[in-house]
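Number of protein chains: 2
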Amino acid sequence: MKIDGKAYRTIWRAGPAAVETIDQTRLPHELAFRRLDSLEGVVEAIKTMVVRGAPLIGASAAYGLAIALSEAGDDASLAAAYAALNASRPTAVNLRHALDDVRAVVAPLPPPERGEAAFRRADEICEEDVKLNRAIGEAGFKLIEAAHKASGRPVHVLTHCNAGWLACVDWGTATAPIYLAHDRGVPVHVYVDETRPRNQGASLTAFELGQHGVPFTLIADNAGGHLMQHGKVDLCIVGADRVTARGDAANKIGTYLKALAARANGVPFYVAAPGTTIDWTLDDGHAIEIEERSAREVTHIWGRLADGRVAEVEIAPPGTRAANPAFDVTPAELVSGIITERGVSAASKPALAALYGRG
Amino acid sequence: MKIDGKAYRTIWRAGPAAVETIDQTRLPHELAFRRLDSLEGVVEAIKTMVVRGAPLIGASAAYGLAIALSEAGDDASLAAAYAALNASRPTAVNLRHALDDVRAVVAPLPPPERGEAAFRRADEICEEDVKLNRAIGEAGFKLIEAAHKASGRPVHVLTHCNAGWLACVDWGTATAPIYLAHDRGVPVHVYVDETRPRNQGASLTAFELGQHGVPFTLIADNAGGHLMQHGKVDLCIVGADRVTARGDAANKIGTYLKALAARANGVPFYVAAPGTTIDWTLDDGHAIEIEERSAREVTHIWGRLADGRVAEVEIAPPGTRAANPAFDVTPAELVSGIITERGVSAASKPALAALYGRG
Numbered sequence: 092m093k094i095d096g097k098a099y100r101t102i103w104r105a106g107p108a109a110v111e112t113i114d115q116t117r118l119p120h121e122l123a124f125r126r127l128d129s130l131e132g133v134v135e136a137i138k139t140m141v142v143r144g145a146p147l148i149g150a151s152a153a154y155g156l157a158i159a160l161s162e163a164g165d166d167a168s169l170a171a172a173y174a175a176l177n178a179s180r181p182t183a184v185n186l187r188h189a190l191d192d193v194r195a196v197v198a199p200l201p202p203p204e205r206g207e208a209a210f211r212r213a214d215e216i217c218e219e220d221v222k223l224n225r226a227i228g229e230a231g232f233k234l235i236e237a238a239h240k241a242s243g244r245p246v247h248v249l250t251h252c253n254a255g256w257l258a259c260v261d262w263g264t265a266t267a268p269i270y271l272a273h274d275r276g277v278p279v280h281v282y283v284d285e286t287r288p289r290n291q292g293a294s295l296t297a298f299e300l301g302q303h304g305v306p307f308t309l310i311a312d313n314a315g316g317h318l319m320q321h322g323k324v325d326l327c328i329v330g331a332d333r334v335t336a337r338g339d340a341a342n343k344i345g346t347y348l349k350a351l352a353a354r355a356n357g358v359p360f361y362v363a364a365p366g367t368t369i370d371w372t373l374d375d376g377h378a379i380e381i382e383e384r385s386a387r388e389v390t391h392i393w394g395r396l397a398d399g400r401v402a403e404v405e406i407a408p409p410g411t412r413a414a415n416p417a418f419d420v421t422p423a424e425l426v427s428g429i430i431t432e433r434g435v436s437a438a439s440k441p442a443l444a445a446l447y448g449r450g
Numbered sequence: 092m093k094i095d096g097k098a099y100r101t102i103w104r105a106g107p108a109a110v111e112t113i114d115q116t117r118l119p120h121e122l123a124f125r126r127l128d129s130l131e132g133v134v135e136a137i138k139t140m141v142v143r144g145a146p147l148i149g150a151s152a153a154y155g156l157a158i159a160l161s162e163a164g165d166d167a168s169l170a171a172a173y174a175a176l177n178a179s180r181p182t183a184v185n186l187r188h189a190l191d192d193v194r195a196v197v198a199p200l201p202p203p204e205r206g207e208a209a210f211r212r213a214d215e216i217c218e219e220d221v222k223l224n225r226a227i228g229e230a231g232f233k234l235i236e237a238a239h240k241a242s243g244r245p246v247h248v249l250t251h252c253n254a255g256w257l258a259c260v261d262w263g264t265a266t267a268p269i270y271l272a273h274d275r276g277v278p279v280h281v282y283v284d285e286t287r288p289r290n291q292g293a294s295l296t297a298f299e300l301g302q303h304g305v306p307f308t309l310i311a312d313n314a315g316g317h318l319m320q321h322g323k324v325d326l327c328i329v330g331a332d333r334v335t336a337r338g339d340a341a342n343k344i345g346t347y348l349k350a351l352a353a354r355a356n357g358v359p360f361y362v363a364a365p366g367t368t369i370d371w372t373l374d375d376g377h378a379i380e381i382e383e384r385s386a387r388e389v390t391h392i393w394g395r396l397a398d399g400r401v402a403e404v405e406i407a408p409p410g411t412r413a414a415n416p417a418f419d420v421t422p423a424e425l426v427s428g429i430i431t432e433r434g435v436s437a438a439s440k441p442a443l444a445a446l447y448g449r450g
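In order, the protein sequences belong to chains A and B. According to the numbering used here, the first sequence holds residues 92 to 450 in order. According to the numbering used here, the second sequence holds residues 92 to 450 in order.
Just to be clear, a hint being listed does not mean it is correct.
Pairs count within a copy or across copies, as identical chains cannot be separated in the list.
Within a straight-line C-alpha distance of at most 25 Å, the following computed SDA-like cross-link-like pairs (lysine to any residue) qualify [to be verified]:
| # | residue 1 | residue 2 |
| --- | --- | --- |
| 1 | 323 | 382 |
| 2 | 233 | 356 |
| 3 | 323 | 384 |
| 4 | 323 | 378 |
| 5 | 323 | 412 |
| 6 | 233 | 132 |
| 7 | 323 | 375 |
| 8 | 93 | 178 |
| 9 | 323 | 386 |
| 10 | 323 | 372 |
| 11 | 323 | 424 |
Hints are computed from structural coordinates only; laboratory data are not their basis. Quantities reported herein were computed from a predicted structural model and do not represent experimental measurements.
Model the full assembly from the supplied sequences, consistent with the hints where possible.
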């Protein structure tokens with residue numbers, strides 16, 4: 092998608108054994124790039140969230156392995172690089188998948204050929220991610236187009252957190268239908284939940300939509316129910332970290348509240364997620380363990396001071412105890428459909444199983 | 092209630108023609124007091140939210156009139172002071188009520204006696220507010236006590252925004268039952284919604300509960316639904332800016348989302364509000380006009396820097412457009428009961444009318 096009028100991906104090749112990324116820790120206050128040309132550099136970029144979002148973490152890790160193998164392709168180096176990258180973030184399943192994928196490709200090769208082969212495979216992983224999200228976009232585009240044809244007005248989409256192209260290689264999941272609609276001239280406007288406590292909506296989704304030229308309005312997470320009561324939202328599209336076999340969806344904390352409001356006010360509520368997000372071993376989303384993150388994310392907020400410097404402010408009395416569950420689970424009964432790369436599925440076990448040939 | 096172990100009200104007499112207040116613009120970062128001894132000082136304190144909360148604004152305005160009349164008690168001075176105070180905040184109905192009340196008392200008196208009479212009436216207005224909230228506390232206390240008796244465990248109450256003693260003269264509305272329970276040894280713990288965009292939960296409710304010694308946990312507004320799904324909330328108690336004749340409740344934006352989650356998870360949802368909050372002329376809460384406040388409240392946040400200074404940071408890309416509806420309306424069907432000074436009423440027209448003898 093575009094930044095300052097120029098098309099970008101979140102990660103790209105930059106020389107024979109290096110990649111470049113957007114430093115997402117600086118957004119939305121500064122557009123800075125980070126050249127990654129060592130294993131240590133990639134590990135540090137993942138750890139410090141210079142790159143974030145499960146698909147982008149996976150792509151970055153694949154390149155990290157390629158960079159390491161370009162320097163030394165022997166088995167010991169492969170094992171060490173795999174271990175270092177795999178430990179860089181604890182829970183991202185894409186990270187492990189990407190590492191396993193690249194290792195399987197390079198392991199049978201003679202060490203001197205492994206670096207180049209790993210780079211080729213990492214490139215493919217990126218292309219596959221782009222293709223996947225674009226297919227989600229096509230499926231979701233039809234929903235936005237239909238809403239526009241039905242009303243003749245711009246379509247107002249509410250989204251939560253950042254399931255955008257900055258979390259992927261391009262397009263995003265929840266945002267792909269929005270970008271396609273915008274690029275094809277279907278008028279679309281997005282209500283962006285700021286998404287406390289980490290504010291990924293205010294900092295990342297607002298940045299990427301604004302840079303690509305998609306009209307949006309930032310709102311406090313509290314406002315969505317009121318907007319839906321007053322007919323100002325045509326549909327909700329959110330991402331998901333995990334979807335169960337029956338269609339329960341774990342996503343950023345607060346998603347569930349918007350799903351309740353959507354149901355109460357007759358607003359369709361869609362979860363955009365590729366098939367790789369579906370956990371076929373699990374039916375009941377209540378069983379998903381929810382990460383409890385640092386209280387400091389609730390009591391402190393990062394932002395830009397009037398003089399341009401970025402600083403952290405504390406918003407609560409010193410010593411305040413805070414709880415910070417990072418995700419919640421929206422039960423399938425509140426989900427109008429799952430927008431996948433294979434089309435829109437009902438949020439039900441039979442429908443999802445049929446779509447993915449697991450009947 | 093207590094601060095640093097000492098009992099406070101939000102406003103008190105400080106000499107023959109002056110009052111003192113807590114400067115709420117400095118909370119929770121600093122406990123500072125403000126002496127108000129001129130009409131201009133009171134008007135400025137209301138305008139700049141040194142004092143805030145409808146009941147406290149009313150009490151402050153009453154004292155403002157008294158201070159003005161102590162200086163000059165003639166009709167022209169009375170009219171000018173009334174006009175200046177009435178214009179200090181646009182929508183607070185208590186402000187107008189308090190001014191009308193004091194004016195009615197002093198108008199028949201000779202000018203030299205008006206100042207002292209106005210102070211006496213302002214004192215009474217404060218005492219009446221304290222009595223009203225304490226009665227709400229007694230009614231709500233029974234709910235907390237019953238929940239504790241039923242479970243044998245501490246009672247977990249979720250509240251939104253600040254309907255606390257800092258908004259009133261003492262006790263608060265939503266907090267009065269909590270303070271009574273705590274003071275009487277019924278174990279109670281409060282989940283405090285931070286209440287974006289103005290963070291009254293994180294700054295004021297967290298401060299007042301913490302200072303009085305009530306255990307609490309601050310949460311992002313997004314977290315309440317998840318907590319209710321997992322049985323961590325026993326009841327919700329919120330305040331209200333206006334309650335319609337049938338029990339629809341206008342309160343701080345985001346209240347409605349918590350009411351939806353409470354209903355979906357079988358958690359009782361109570362609105363604590365005195366009879367003076369009921370608008371008998373209105374049934375359908377959808378007709379309540381919702382104040383749209385500055386976008387800057389969404390895009391910028393105040394807090395304390397590491398060096399102790401208080402500063403504002405911007406959390407969104409420069410120029411971000413934001414919507415900021417300040418209130419939402421929770422329909423009566425989601426309200427388990429209205430906790431009033433006359434007891435707990437069903438949120439229905441017949442029940443409220445019967446309680447207030449308007450059948």
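*Go through the copies and call it for residue 323 and residue 378: within, between, both or neither, with a Cα cutoff of 25 Å.*
Intra 34 Å, inter 16 Å, cutoff 25 Å: inter-copy only.
*Up to 25 Å CA-CA - residue 384 versus residue 323, copy category*: Between copies only: 17 Å across chains, 33 Å inside a chain, cut-off 25 Å.
_Homo-oligomer pair classification [residue 386, residue 323; C-alpha up to 25 Å]_ = Between copies, since 18 Å is at most 25 Å while 34 Å is not.
_Please sort residue 233 with residue 132 into within, between, both or neither, judging by C-alpha distance up to 25 Å._
Classified as neither; 41 Å inside a copy, 60 Å across copies.
*Pop the pair residue 233 and residue 356 into one bin, within, between, both or neither, using alpha-carbon distances up to 25 Å.*
within (22 Å within a copy, 34 Å between copies)
*With identical chains treated as interchangeable, where does the CA-CA distance between residue 323 and residue 372 reach 25 Å or less: within a copy, between copies, both, or neither?*
neither (38 Å within a copy, 27 Å between copies)
*asked:* Regarding residue 323 and residue 424, is the shortest C-alpha distance of 25 Å or less found within a copy, between copies, in both, or in neither?
replied: Answer is both: 23 Å inside a copy and 22 Å across each meet the 25 Å cutoff.
_Up to 25 Å CA-CA - residue 382 versus residue 323, copy category_ = between (33 Å within a copy, 16 Å between copies)
*Intra- versus inter-copy proximity for residue 178 and residue 93 (alpha-carbon distance at most 25 Å)*: neither (32 Å within a copy, 48 Å between copies)
*Up to 25 Å CA-CA - residue 375 versus residue 323, copy category*: between (32 Å within a copy, 19 Å between copies)
*Given a CA cutoff of 25 Å, do residue 323 and residue 412 count as a within-copy pair, a between-copy pair, both, or neither?*
between (36 Å within a copy, 16 Å between copies)
Hints 6, 8, 10, counting from the list given before, are not met by this structure.
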